[in-house]
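Asks: Could you build the full structure based on these sequences and the hints that come with them?
Keeping their order, the protein sequence lines are chains Z and F.
Note that the working numbering has the first sequence beginning at 79, numbered continuously upward.
Note that the working numbering has the second sequence beginning at 114, numbered continuously upward.
Because the hints were derived from the structure by calculation, they are not lab data.
C-beta atoms are modelled at their ideal positions from N, C-alpha and C, and glycine is treated no differently.
Do not take every clue at face value.
Below 20 Å or equal to it, Euclidean Cα-Cα: the simulated SDA-like pairs (lysine to any residue) are [said to hold, decoys possible]:
1) F:Lys416 <-> Z:Arg160
2) Z:Lys196 <-> F:Asn216
3) Z:Lys196 <-> F:Gln456
4) F:Lys416 <-> Z:Leu237
5) F:Lys416 <-> Z:Glu235
6) Z:Lys196 <-> F:Lys452
7) Z:Lys320 <-> Z:Glu379
8) Z:Lys196 <-> F:Ser448
Just a sample of chain F residues kept apart from chain Z, beta carbon distances all over 12 Å, derived [said to hold, decoys possible]:
9) Phe120
10) Ala124
11) Leu145
12) Phe146
13) Arg337
14) Val355
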Amino acid sequence: MTAELIHRLHFAFTVTFHYLFPQLTMGLGLLIVVLKSVALKSGHERWERAARFWGRIFAINFVFGVVTGIPMEFEFGTNWARFSRLSGGVIGQPLAMEGVFSFFLESAFLGLFLYGEKRLSRLMHWFSAVMVFVGSWISGFFIIVTDAWMQHPVAYEHLPDGQFQVLSFWQLLLNPWGLLQYMHNMTGAVVTASFVMAAVGAFYLLDGRLEEYGRVFLKVGVIAGVIASVLIIFPTGDLHGKYVARNQPAAMAAMEGLFKTEAGAGVVLVGQPDEETGRIDNPIVVNDLLSFLIYGTTKAEVQGLDRIPRDQWPGALPLLYYAYHIMAGLGTWFLLLMVVSAFLLWRKRLFTARWALWALLLSFPLPYIANTAGWMTAELGRQPWLIYGVMRTSEGYSNTVSAGNGLFTLLGFMGIYLLLGILFTVLIYREISHGPEPEADAKNAAAAA
Amino acid sequence: MMGFIWFWLVAVMIVGYVVLDGFDLGVGVLHLFLVRNEAERRTSLASIGPVWDGNEVWLLAGGGTLYFAFPLLYASAFSGFYLPLMIVLWLLILRGVSLELRNHIEVGVWRALLDGLFGLSSALLTIFFGAALANVLRGVPLQANGYFFLPLWTDWQPGLQPGILDWYTVIGGLVALVALTLHGALWLTVKTSGELCERARSIVDPLWLVVAGLTIVSLVATIRVRPASLNNYFNYPVSFVVPFGVIASMAAVWFFSRRRQPVKAFVSSSLYLFFMLAGACWGLYPTLLPATTGPDRDITLDKAISGPHTLAVGLVWWSFGMALAIGYVVFVYRSFRGKIDLQSDEH
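Replies: Written out as structure tokens, the structure reads:
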């Protein structure tokens, strides 16, 4: 294994594991604000308890997100030193801004939200929840800005010593790639949170206990879920896809498995790409659809991989193709399930439709898979570039850190994250078993004392 | 000028981190031996529960600031200190998880395990942070291209090819361990009452004596390992006010602790940490990372600084953002001021 591959796997593994947690907290931050707002307005204790329950789930996720997030900021320097040395003047900026503008805000108000309910007024406690939500979404913004500059470098110049410098601060922050990706990604976070909330609701109803909370969770989860499942496809996914097609034609061709340039290119729904022969095996294709989706007309020409020099093809082509197809396929399922569930909710039949409850319960892992696959699509599609068109991945890793040392710490992270994963599962299982009732809290406290 | 400003802004972030996360790390060390029963454990944890995560943010924000203001230093130091940094990351993970999760678990055995992990990881972190600072003060074997890679240890001597750990950096680690334990003990005297508070107060004196002794040893050792550390002081004699500040703040810790004025004693301990770090930074300036391989390879301010436009824009948002951040920090500490009452301070 080469040092380059180890450093890539190191970052990919740690960031993939990390993002399991923020995707829930960012979405859940919004849903907790919804619960707290209803509680504040209606004065119903049930909604307060629901908010407190999800606050505990949030807190566990938040801690795991923080401790797995710190390595990400370090790894730019530890594993990608040559890249950091040249790009610090550009992407060091949004990364530092994340700390300064988001983490202080988020951590301060999360402390108040979790520990301060008895010390704060109701309005102030609600405000803490809003600030936690705002902080987490600001955090997401700065990370997307960082990634967007690597995907689509804008507003920079080369200094004589090779460093990149920002030319326009606002153009960096308002990079169109970043804005599109931000909308798509944050919608994805809401999809995850609403599926999780709906699944817990479905679990309580199927289990025949805590049913009043189950109904609250299902209602909030399905309404948020149907909105997010529409938005994730249209307009955010659609716009982002069009932008990728225009600016990273190699990535789009690989995602779609389009080996030959075609007028009236089709979308492959099913099939396995063969890099050697340049064919899709066992294809099921919708003709002309890709041309239409990208250019709005069925006859437009779409660039295939044949127009792209082989050394600029994304390296892990089949993985990229599958990641994209998994994301898109699951996105279709989310829309279908949530539209049906929302219809049943509207007709007041959801709470008794056991088949729909089972489908919602079993679907909770799927948004995690879809979000992960989406990020794999973005980052594998960028290859072989570290900064698209400007710096290759092979020029960016720390070449003073040997493959052996890199593998040592990668294995270390794998071990620790396995442990974290088990711990996390146990804790979340416990919280969900206890549920939002204060009796559970009382029992908890009695056992602790 | 920009170099001067950003050097000290990064230094401020580091001081902010050490003073704030320092006391919760110290509470972690004390968790190993000072607290006696479940109620005391929960009290000492509740004293840091709402703030430890915010305190850790100073490390992240400081790292980010370092990244964009001095990319060369960030790239070189982070890849060169690869192994100890990874160990620090693992310790931060273990510590954060065990601290937050012990309250979610009722079973005594698991709680004991998490308590132990929390204390042990806190103690090791203080040692690593102290050793890290000592590594920077001692210097590293920088190559001509500005990079280096340090093993964890070589022959334990701070020579041309040192390791992360040698006798000098071990002293640095011990200073940090004891000074932050003292800092944590003073925090407990501020935030707790009853027996725990008394016990915390009773270990202040012995800890103080050890800190005072180690401080002198570390100063002498630093001058021996890197005599150039004194240059700035002799060129600008007014800066001897910094070592004087170290002595005065240590004396103030003793004085206020005796007078049973815990808040003032804690503030004095914060000042001690501030003066120690400021003194170390001033001893380096304008070098950021000295080379053991010859002064022409030192990473200096001029070599490492980002482009002028980056820094000018950065100064605007950084000042604005940190003013906001300090506002939140003050607000949170005010909201949780006073002694811990287990009835109202757990979640």
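Asks: Would the least Cβ to Cβ distance between Val355 (chain F) and chain Z come out above 12 Å?
Replies: Per Cβ check, Val355 (chain F) is outside 12 Å of chain Z; nearest 27 Å; holds.
Asks: Compare the distance between the alpha carbons of Lys196 (chain Z) and Ser448 (chain F) with 20 Å, and conclude whether the hinted pair is satisfied.
Replies: Distance ~11 Å between Lys196 (chain Z) and Ser448 (chain F) Cα, so the pair holds.
Asks: Decide if the proposed pair is consistent with the structure: Lys196 (chain Z) and Lys452 (chain F), CA atoms, cutoff 20 Å inclusive.
Replies: Roughly 15 Å between the alpha carbons, so the hint for Lys196 (chain Z) and Lys452 (chain F) holds.
Asks: Mind checking the alpha carbons of Lys416 (chain F) and Glu235 (chain Z) for me, to see if they're no more than 20 Å apart?
Replies: Holds, at about 19 Å.
Asks: If we take the beta carbon of Ala124 (chain F), is the closest beta carbon in chain Z still more than 12 Å away?
Replies: Given that every Cβ of chain Z is farther than 12 Å from that of Ala124 (chain F), nearest at about 15 Å, it holds.
Asks: Does Phe146 (chain F) really sit off the interface, with its C-beta more than 12 Å from all C-beta atoms of chain Z?
Replies: Check passes; 22 Å lies beyond 12 Å.
Asks: Is it correct that the beta-carbon of Leu145 (chain F) has no partner in chain Z closer than or equal to 12 Å?
Replies: holds (21 Å)
Asks: Next pair to validate is Lys196 (chain Z) with Asn216 (chain F); report whether the Cα-Cα distance is within 20 Å.
Replies: Holds. Lys196 (chain Z) to Asn216 (chain F) sits at ~18 Å (cutoff 20 Å).
Asks: Is it true that the CA of Lys416 (chain F) sits at most 20 Å from the CA of Arg160 (chain Z)?
Replies: holds (15 Å)
Asks: Just double-check Arg337 (chain F) for me: nearest Cβ-Cβ distance to chain Z has to come out over 12 Å.
Replies: Fine: 29 Å to the nearest Cβ keeps Arg337 (chain F) off the interface.
Asks: Is Phe120 (chain F) truly not at the interface, in the sense that its beta carbon sits beyond 12 Å from all beta carbons of chain Z?
Replies: holds (15 Å)
Asks: Taken at face value, is the distance from the CA of Leu237 (chain Z) to the CA of Lys416 (chain F) at most 20 Å?
Replies: holds (13 Å)
Figure legend: structure checked against the earlier numbered hints; every hint is met.
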